[in-house]
Amino acid sequence: MLQPARRYARARLWLGRWRLGLLLLGLVGCAQLQYYVQAAQGQYALWSDARPIEDWLGDPATDPQLKARLEKALLIRRFAVQELGLPDNASYRNYAALSRPFVLWNVVATPEFSLEPLRWCFPIAGCVSYRGYYSKDDAQAFAAGLREEGKDVQVGGVPAYSTLGWFSDPLLSTFIHYSDAELARMIFHELAHQVAYVPGDSTFNESFATAVEEAGLERWLELYGNEAMRAAYVQYNARRQAFLALLITHRNMLEQLYAEKSSARHKRTRKAAIFQHLQSEYQLLKTSWGGYAGYDRWFAEPLNNAHLSAVGTYHELLPAFRNLLKQERTFVRFYAAVQNLASFDLPQRQQRLQQLSPPVMLHADNASQSVSSAEPSK
1 MLQPARRYAR ARLWLGRWRL GLLLLGLVGC AQLQYYVQAA QGQYALWSDA
51 RPIEDWLGDP ATDPQLKARL EKALLIRRFA VQELGLPDNA SYRNYAALSR
101 PFVLWNVVAT PEFSLEPLRW CFPIAGCVSY RGYYSKDDAQ AFAAGLREEG
151 KDVQVGGVPA YSTLGWFSDP LLSTFIHYSD AELARMIFHE LAHQVAYVPG
201 DSTFNESFAT AVEEAGLERW LELYGNEAMR AAYVQYNARR QAFLALLITH
251 RNMLEQLYAE KSSARHKRTR KAAIFQHLQS EYQLLKTSWG GYAGYDRWFA
301 EPLNNAHLSA VGTYHELLPA FRNLLKQERT FVRFYAAVQN LASFDLPQRQ
351 QRLQQLSPPV MLHADNASQS VSSAEPSK
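Position one of the sequence shown corresponds to residue 1 (UniProt numbering), numbered consecutively onward.
The set of hints was computed from the structure by calculation and includes no laboratory data.
One or more hints might be untrue.
Cβ pair distances, simulated, as ranges [unchecked claim]:
1) E301 x Y178: 17 to 25 Å
2) Q65 x V332: 35 to 43 Å
3) G200 x V81: 44 to 52 Å
4) S263 x V81: 55 to 63 Å
5) K72 x P347: 25 to 33 Å
Listed below are the simulated SDA-like cross-link pairs for lysine to any residue, each with C-alpha atoms no more than 20 Å apart in a straight line [what the hints assert, rightly or not]:
6) K151 x A272
7) K151 x K67
8) K67 x W56
9) K67 x R78
Don't be surprised by glycine CBs; every beta carbon is placed ideally from N, CA and C.
Hey, can you work out the whole structure from these sequences and the hints?
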């Protein structure tokens with residue numbers, strides 16, 4: 001592995017050549033070039049700020065609470081390799097303390113009467129339904145332009161992301177203080193993206209990574225958890241499923257509305273009523289949870305289509321991947337099967353995953369039932 005000085009020197013050289021290449025070749029317009037430059041500078045800043053975990057642990061100035069979290073992260077990282085067969089590389093072996101609450105802010109946008117998000121295409125990642133910015137102000141500025149065009153827009157903070165194994169992703173202050181279960185879940189999820197990734201197929205990518213995090217966390221809790229941790233995670237997961245069901249119910253209501261042959265005025269009025277209903281139902285859900293406010297941040301901006309456009313991305317194919325893991329029995333065989341699926345073209349991949357999915361899927365009716373039957377959580 002490259003020493004830090006050599007690694008950062010190579011990164012600086014790569015950054016300079018990359019920017020110069022874009023300028024000389026004229027591959028992108030000015031606005032797009034600015035976007036790529038901020039992305040490259042943001043990624044380079046992470047490398048510059050990151051130090052090996054051992055350095056932080058050996059530094060007397062490191063806060064004892066942070067040392068405990070970093071030690072836990074090292075344990076999780078070893079578990080990911082030894083028990084889950086996830087990549088044994090330099091990712092999540094360094095730590096960077098950021099002076100902001102999120103590493104990125106993603107901008108998502110849709111037309112006024114559609115839940116289909118706009119898509120932007122990038123090298124490596126392919127076409128995705130968001131644009132990520134390392135500066136919240138830059139994200140808000142881009143979002144403002146989209147709103148002027150009449151688009152529904154959401155700007156959301158992102159605590160972690162994966163560079164898909166192209167670079168060494170560090171642990172970050174934006175998520176290091178999560179609970180043990182949440183920290184493990186996030187590391188498993190992001191490492192899974194390094195195992196299999198299909199450019200442009202977010203539902204495949206996120207559902208697969210969610211299947212890995214789910215199964216990995218179950219094993220982690222069996223080995224390192226206690227009854228209190230397991231109970232807390234069951235409670236957390238029940239809330240998450242109830243919240244997801246609430247969103248799916250209202251997404252389906254909007255889809256039905258937008259499919260109608262009615263006036264824009266009627267759709268605009270009904271759309272506002274549906275989002276108001278979502279707000280009201282969420283308050284009832286919070287009451288059933290004893291006031292738990294963990295999802296309040298989702299409502300920080302006025303609700304619109306963009307908030308619901310990605311609902312299902314992380315879960316739509318999850319039953320299929322669960323079944324595939326059950327069939328293959330081991331993570332190594334499961335990853336090989338997923339990589340094989342990733343090599344198929346989209347129609348073949350979708351057909352195979354449909355065959356793996358159980359016959360009953362989540363719809364509006366049983367989504368509502370899931371919300372109403374969720375057990376209260378602290």
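Structure versus earlier hints - violations, ascending order: 3, 5, 7
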